[in-house]
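Enquirer: Chain order of the listed sequences is D and R. Heads up: the first sequence begins at 1 in UniProt numbering, then just goes up one per residue. Heads up: the second sequence begins at 1 in UniProt numbering, then just goes up one per residue.
Calculated directly from the structure, the hints in this document are not laboratory data. Each hint should be verified, as a subset may be incorrect.
Stated by the list, open to error - Quick list of simulated restraints, FRET-style, between CB atoms:
1. D:53 <-> R:18: 32 to 38 Å
2. D:162 <-> R:56: 46 to 52 Å
3. R:42 <-> D:172: 51 to 57 Å
4. D:162 <-> R:37: 54 to 60 Å
Where a beta carbon is used, it is the ideal one built from N, C-alpha and C, also for glycine.
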Amino acid sequence: MDAGPVLWVLSQTCELESVRRGRAKPMSGVMKRMGMIFRAKANKALDRAEDPRETLDYSYQKQLELLQKVRRGVADVATSRKRLELQLNQLQSQSSKLEDQGRKALALGREDLAREALSRRAALQQQVTDLETQHSTLQGEEEKLTLAAQRLQAKVDAFRTKKETIKATYTAAQAQTRIGEAFSGISEEMGDVGLAIQRAEDKTAQLQARAGAIDELLASGALDDPSGMHKDDIQAELDRLSGGTDVELELQRMKAELAGGPSAQQQAIEGGTGQGSAQQQSQQQDTPRFDKQ
Amino acid sequence: MIVRIMGEGQVKLADSHFAELNKLDDELLAEMENGDGPGFRHTLHALLDKVRALGTPLPDDSLEPSELILPAPDATLEEVRTMLSGDGLIPG
């Protein structure tokens with residue numbers, strides 16, 4: 001017997017639970033070997049490589065961190081810009097104050113004071129110009145960084161979508177393999193499921209056919225009805241004949257009814273339901289027999 | 001423990017029955033390896049009967065992985081031997 005591949009397969013599937021628990025020797029028995037081979041095939045179908053979903057998640061995490069850094073950069077630049085704006089405001093209000101003071105000094109005839117005020121204002125003005133340059137530079141930086149952050153955000157979003165798609169696909173594939181594994185993943189086993197469905201369909205058809213046949217047999221009197229609900233052919237004929245008289249009776253009753261007499265429909269309805277329940281009973285009695293086939 | 005009988009369905013068995021089935025299973029393997037056709041058939045049927053008697057069948061629509069798999073009742077010694085050798089149950 002060519003045992004080589006079996007040994008190889010067995011060496012691949014030594015994690016079989018019953019083996020791990022020490023209940024069974026890994027090498028014995030037909031049903032164990034068959035089970036192991038099925039499992040080995042199913043496991044082979046499941047990619048043994050590292051889970052790509054974890055890698056994707058890690059990569060996404062890294063991208064998020066990068067995005068966070070860029071955003072923090074944007075926030076830092078924005079803070080600096082605001083500080084500059086505050087300083088500029090202060091300088092400008094100081095500058096206009098000095099201008100006012102110069103004007104007042106001139107009005108009071110103190111040209112020397114006015115000159116002092118204006119020269120201080122000129123120095124402030126220089127600072128303002130410098131700060132304004134810095135401000136516009138910072139503003140440019142901020143805009144660039146904001147744009148970069150937006151682009152990165154879009155990329156990270158796109159990556160996340162793609163990652164989720166890949167993960168979903170992977171999970172679906174894995175689930176499919178697992179379902180395959182559950183059916184033992186193999187054509188023979190899938191055929192087995194097909195067989196099960198076929199069996200169920202056959203069983204239903206057979207039951208229906210048998211129920212019909214039994215009704216006929218019971219009606220003809222060839223089969224004894226243990227429930228005593230069905231009648232033999234003679235009784236059936238008698239019933240039919242008496243049924244005929246019933247019809248006559250019925251007609252008479254109806255005529256009487258039309259003439260203003262009491263209703264006689266009740267009797268006809270009761271006769272109908274009696275036969276229906278007898279049929280159901282014979283079907284139920286037969287059901288367990290088919291399960292053993 | 002879930003046991004599949006090929007072509008028939010799945011059966012749930014208590015682990016305590018394992019030792020009992022193990023004996024028949026080992027016997028079956030020995031007969032297969034010795035090429036004892038009639039013995040194989042007899043033991044296979046005994047094993048299948050025992051599994052059916054001790055276990056409760058799973059509904060057809062249940063989805064459980066089988067831990068053990070048994071050949072179909074009409075499987076021949078050669079068929080089982082082929083399944084257990086070469087490429088196993090599915091080629092490739």
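Enquirer: Within 32 to 38 Å or not, the Cβ separation of residue 53 of chain D and residue 18 of chain R?
Expert: holds (37 Å)
Enquirer: Given a hint of 51 to 57 Å, does the C-beta separation of residue 42 of chain R and residue 172 of chain D actually sit inside it?
Expert: The hint (51 to 57 Å, Cβ to Cβ) is violated, given that residue 42 of chain R and residue 172 of chain D are roughly 46 Å apart.
Enquirer: Given the hint of 54 to 60 Å, is the C-beta distance from residue 162 of chain D to residue 37 of chain R inside that range or not?
Expert: holds (59 Å)
Enquirer: Quick check: does the Cβ-Cβ distance between residue 162 of chain D and residue 56 of chain R fall within 46 to 52 Å?
Expert: Given range 46 to 52 Å: holds, Cβ gap about 47 Å.
In terms of the numbered hints stated before, the structure departs from hint 3 and from no other.
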